[in-house]
Structure formats: structure tokens, C-alpha cells
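First to last, the sequence lines map onto chains A, B, C and D.
Position one of the first sequence corresponds to residue 63 (the working numbering), numbered consecutively onward.
Position one of the second sequence corresponds to residue 63 (the working numbering), numbered consecutively onward.
Position one of the third sequence corresponds to residue 63 (the working numbering), numbered consecutively onward.
Position one of the fourth sequence corresponds to residue 63 (the working numbering), numbered consecutively onward.
Calculated directly from the structure, the hints in this document are not laboratory data.
From a predicted model like this one, the values you see are computed outputs, not experimental measurements.
A portion of the hints provided could be inaccurate.
All copies of an identical chain are treated as equivalent in the list; a pair is satisfied when it fits inside any one copy or across any two copies.
[Unchecked claim] In silico PhoX-like cross-links for lysine-lysine, where the CA-CA straight-line distance does not exceed 20 Å:
| no. | residue 1 | residue 2 |
| --- | --- | --- |
| 1 | K213 | K81 |
| 2 | K205 | K190 |
| 3 | K81 | K177 |
| 4 | K190 | K177 |
| 5 | K96 | K81 |
Number of protein chains: 4
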Amino acid sequence: MSNNFLVRGVQPSDFAQWKSLWDGYNAFYGREGKTALPDAITKITWSRFFDGYEPMHALVVERSGTLLGLAHLLFHRSTISLESTCYLQDLFTHETARGEGVGRALIEEVCRYAKHAGCQKVYWQTHKTNATAMRLYDKVADKSGFLVYRKTL
Amino acid sequence: MSNNFLVRGVQPSDFAQWKSLWDGYNAFYGREGKTALPDAITKITWSRFFDGYEPMHALVVERSGTLLGLAHLLFHRSTISLESTCYLQDLFTHETARGEGVGRALIEEVCRYAKHAGCQKVYWQTHKTNATAMRLYDKVADKSGFLVYRKTL
Amino acid sequence: MSNNFLVRGVQPSDFAQWKSLWDGYNAFYGREGKTALPDAITKITWSRFFDGYEPMHALVVERSGTLLGLAHLLFHRSTISLESTCYLQDLFTHETARGEGVGRALIEEVCRYAKHAGCQKVYWQTHKTNATAMRLYDKVADKSGFLVYRKTL
Amino acid sequence: MSNNFLVRGVQPSDFAQWKSLWDGYNAFYGREGKTALPDAITKITWSRFFDGYEPMHALVVERSGTLLGLAHLLFHRSTISLESTCYLQDLFTHETARGEGVGRALIEEVCRYAKHAGCQKVYWQTHKTNATAMRLYDKVADKSGFLVYRKTL
Chain A
63 MSNNFLVRGV
73 QPSDFAQWKS
83 LWDGYNAFYG
93 REGKTALPDA
103 ITKITWSRFF
113 DGYEPMHALV
123 VERSGTLLGL
133 AHLLFHRSTI
143 SLESTCYLQD
153 LFTHETARGE
163 GVGRALIEEV
173 CRYAKHAGCQ
183 KVYWQTHKTN
193 ATAMRLYDKV
203 ADKSGFLVYR
213 KTL
Chain B
63 MSNNFLVRGV
73 QPSDFAQWKS
83 LWDGYNAFYG
93 REGKTALPDA
103 ITKITWSRFF
113 DGYEPMHALV
123 VERSGTLLGL
133 AHLLFHRSTI
143 SLESTCYLQD
153 LFTHETARGE
163 GVGRALIEEV
173 CRYAKHAGCQ
183 KVYWQTHKTN
193 ATAMRLYDKV
203 ADKSGFLVYR
213 KTL
Chain C
63 MSNNFLVRGV
73 QPSDFAQWKS
83 LWDGYNAFYG
93 REGKTALPDA
103 ITKITWSRFF
113 DGYEPMHALV
123 VERSGTLLGL
133 AHLLFHRSTI
143 SLESTCYLQD
153 LFTHETARGE
163 GVGRALIEEV
173 CRYAKHAGCQ
183 KVYWQTHKTN
193 ATAMRLYDKV
203 ADKSGFLVYR
213 KTL
Chain D
63 MSNNFLVRGV
73 QPSDFAQWKS
83 LWDGYNAFYG
93 REGKTALPDA
103 ITKITWSRFF
113 DGYEPMHALV
123 VERSGTLLGL
133 AHLLFHRSTI
143 SLESTCYLQD
153 LFTHETARGE
163 GVGRALIEEV
173 CRYAKHAGCQ
183 KVYWQTHKTN
193 ATAMRLYDKV
203 ADKSGFLVYR
213 KTL
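With the rest of the complex left out, here is chain A (with noise of 0.2 Å):
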């Protein structure tokens, strides 16, 4: 099953189906019409997929030319680790493409390409209504018991 697609790495000519991903991602969690993402930035994490020097890097699954999900990961630094922690802040599969294991296949490519960059953890949010993603996630990995608190400045 999951034999007939690929897990990549983004490419620029990739654009028009990731950014159709993208805002279907960003819709899921309420990011449209009036509130939608600015295109300003959506323009500039695409660009810092491409630039060397950002720590952000974009994997895409891709069927026959049409891409069926992306994932968004990150390093950054921690206190508690010599090494950098890989967020992986956004994964996303195509409603048509659902139940045929994209997502579980995106992680475990993160994972590979995280533990590729030195990473001992990759870890991710989800929100606690989502049983759809955490029966998966469950499979995958560890549910931390830890709970995201923010504050918008």
C-alpha cells in the first residue's frame, strides 16, 4: 500500500500543488477567507525551504505527479541536548487521499531525515479534539502528557 507513492523533499517546481496542500491545511485549522494565512507569508516559508541557511525543510508525498500530503519540519535548539530538536509543525494528507498510510509515511520520513541531521526527538503537537490524527500519532509515537499553554504578545 504504501509502495505506490514517494516521500521527497519539496521542489520549487512543486509549487502549485503544495500551495493547494497548504491551504487546505491552513483551512483545517481555521485559517481562511478573512483569516486566512497573508500570502506574504506563505511566500516567505516557501523560500526558506530553498535557503541553506533556514532550518525549515518541507517533504512531500507525491502519486503519479500529484502530491497527496506535506510535512513541515524544523530544528531548533534545546536546553537539555547537545544536539538540535526536530518540530515537526505541520503535516497534512489530501481528504482523497486519506487511510492510505500518507501520513504515517511522512513521519516516519521526518524521523529519517531528522535522525539524518543529528536529532535524538522529533516531537509534534496535536489538538486534544483530533481523534482522527491521535489514532495514528498513538501507533507512531508517544503521547508526552504534556500541554501547549500560549500567549499572544
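For this one, chain A is given, so just place chains B, C and D on it according to the hints.
Coordinates of chains B, C and D only, in the frame set by chain A:
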């Protein structure tokens, strides 16, 4: 109450007192004895606080020359903003200074610091069983509803 | 002489005056008219000065509310040191304020700033025909004997 | 001639051979014996090549399992470009492999690498007395006319 102590950036001469707080913080998370944080990590983390290339900073609370608490923050990229995000990784108040507003003062200073550094958001994590901490966090920030998953590589 | 002006970090409200100095500096290097630096670059460079994740900083010299000069520095890694290195990329004194010690004061402040940020060295470049600048540089620093090669990709 | 060796990214298993080249390179710049580069620096520099958060990379030239040369590059910000700049900090060919195109092949690969990482420019430094190196550099790049000043803090 909050006026009889000073919140300030850490200085090289603070090492001994900071180390004592840092050990207490790590012990709280089970990093003591056989599972203690290696000294090599403490050493490099300390050096990063004073390295202009590293986006990692430490604040401390001082009263009459005694350090009462610490906060460590770092800036990292985000795919959904132009600016970097501030992660408040560590927060600790010495047990003899609890209930005096040290933690709240540190969070407020981290927010000021992050705002000055151009961030629009500060976030941190706490364990779902840490009711004491959450009493404070619920007053000063928003419980995002997000849970943290981790995978050790 | 050097006491009637102030060397300080740049502030958001300095933009208009800083921009005027920056244009003068760029014109000196031929970046004016048809070959002017694109506004998009000026805009992002300016934003980086105020972004805590970016190791890029700007200092200015002010007298009676008027900016007389600027210095831009950045920290980057080096293979031969634990600490980062400080590159003083831009230095400029307004033509009406030459000979008053503005450039020297900026270099001295860059050095203090870099030392505080843990660097052991500051370096900069100047064109071999810039005899005026070298008269100052030969007093305050060492001509390393190294030449710069460049390849446009 | 240039086809009987391979230019590639360094790997953890290359350490012993890389270290030998690195020592030779450092000796060329007088960092040997009493003024040798401390081991702690070599250790951290080596670790940075394999850390996804660090914008520092190493390339080597290999022939029949033997390393013939090395190049170390790093990306850093620039005030006059959106993209980062590539600094080729170290370049070295083992004395037994001089004149075979090792240095040129390394420079070409650094340029490809930097272009792929979004840079528009690669630069490096050489001492004005290093006529041998400049014979190569004058063929593959532009002598910028800029001199380097340094100030030890």
C-alpha cells in the same frame, strides 16, 4: 510583593547559583542521580546564553544577591509567521520562594523580551498532572488545547 | 570631540534617517539608479535588525537627533573557533560628519558589542583603493594580508 | 584527470582521514605544535558538519578510499541580499595530490552546493603571498579587490 526582587538577564558570575536552580529544575523532571543531565550539556547550554549567534537566553530573579528562579527561552522559526516564535523551555522557582510571584514575574519578563525581539507569541509546555503550575498559567496565558507527541529516534 | 555624539542600537523610529544613510552608503558602492539595491532587500534587512532570531544588528551615531553614521554587523560560525565570529559588513559616515571620529566610534562600539556577544574577533573588508578608510583602519585594527575572491553563481 | 576522483559530502566514518587533512591545513597556517588548534574546536567543528541546525558543511575528495582534499563552507546572512551568502572558509589539497584538479573540483562543488542552497555568491579569502593558490583562483573566480581587516578582542 513583586517589587522586592529583580528580574534580569543572566550573567557569567551567576553560574554557581544558576547551576543550583538548574539542578533543582532537572531533578523535578527526574533528571538526577543516574539519569542526571550530563555536565557537557549544562556546559554548552550555559555557553549558549552568552553567544550572540545562539538565539537562546536566560533570565533570573534575584533578591539581595540570591537567585530565586530561572527562565530559559529560545527563538525559532515558524511556518505560519514572518517573525520567529518564542519557546519558553524552562521555568523554575526555588522551593523556598514559591508563592511570591517569581514565576509570574519571569513569564512577564519573557513576554516583554520576546515582544522586543519581534515575536507575536510565546508558548510553553507543562505536564497535565502539574496542577500547581497550571493554576498560574491559567491566569496569565491560554491553554491552547494542543497536546505534545514525541518520538525518540 | 567624540563626546558630543551617541553611539547606540538602531530603533524602529530611526527608519527614515537610517534609510538616507543606507542609500548614501549603497551609492558609494555603485548601488544607485538602475543598479540600486531593491527595496525588498532594504525592507527585509531592516526587519532582521529587530528579529531576535537573526544574528544581524545595526548601530547608529546620533547627535542632537540627527543620525551621522551607521554600522551593520552579523555573527556567523567559524571552523576554527568555538564562538561565532563578528563580521562588520557595512560602515558609513555621512559626508557632512567626516573627520569627527564617527567611524572610529562605530568600530569601537561594534567591538564592544561583539566581545559582549562572546566573539574573539571582528573583521571587515575594504577596497584596496579606499585610502581614506584605510587611514582609519590601520590605526584601529590589523591589515590581515588576506584578499577576497568572489564567484557569482 | 578530474574523473578519477569523487567529490562528496563528508561522512562520520571519514573522521580519521579528514583529521589528517585538517591538521595539514592548519599547519599551513601556522596552527601546529604550541599554537595548534585545540582539540575541543576540532571536535565541535566536526560535530557541526552533521548537525541539521548548523549551516556549516564539509566536502571531501576521495580516490580509491583515500581522501585527497577538503572544503568547508558556511552560510551566513548579508545585509545586501534576501538570500544567505556562502563563505568557503577552508580549502586544502594533500601535498601528494597537488596539480590534479582537486582544489578546482572542490570549488566547483562548493558553488553547485551553494547555488542549490539558494545563494547567489560564494566568497573566500587567500593571503596575498599565496601565489600558488591565486593561480587557480584567478582562473575560476574574480579577485574582488577587497582586503580584510581584523581586530582581536
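We went through each hint and held it up to the structure:
1. Taking the closest pair of Cα atoms, K213 and K81 never come within 20 Å of each other, the shortest separation being 29 Å inside a single copy and 28 Å across copies.
2. Both within a single protomer and between protomers do K205 and K190 lie at most 20 Å apart by alpha-carbon distance, with minima of 11 Å and 11 Å respectively.
3. Proximity of K81 to K177 under the C-alpha cut-off of 20 Å is found in neither arrangement, the shortest distances being 27 Å within a copy and 24 Å between copies.
4. For a Cα distance limit of 20 Å, the shortest separation of K190 from K177 qualifies neither inside one copy, at 27 Å, nor across copies, at 28 Å.
5. In the homo-oligomer, the alpha carbons of K96 and K81 lie at most 20 Å apart inside one protomer (18 Å), although the nearest pairing across protomers, at 34 Å, exceeds that limit.
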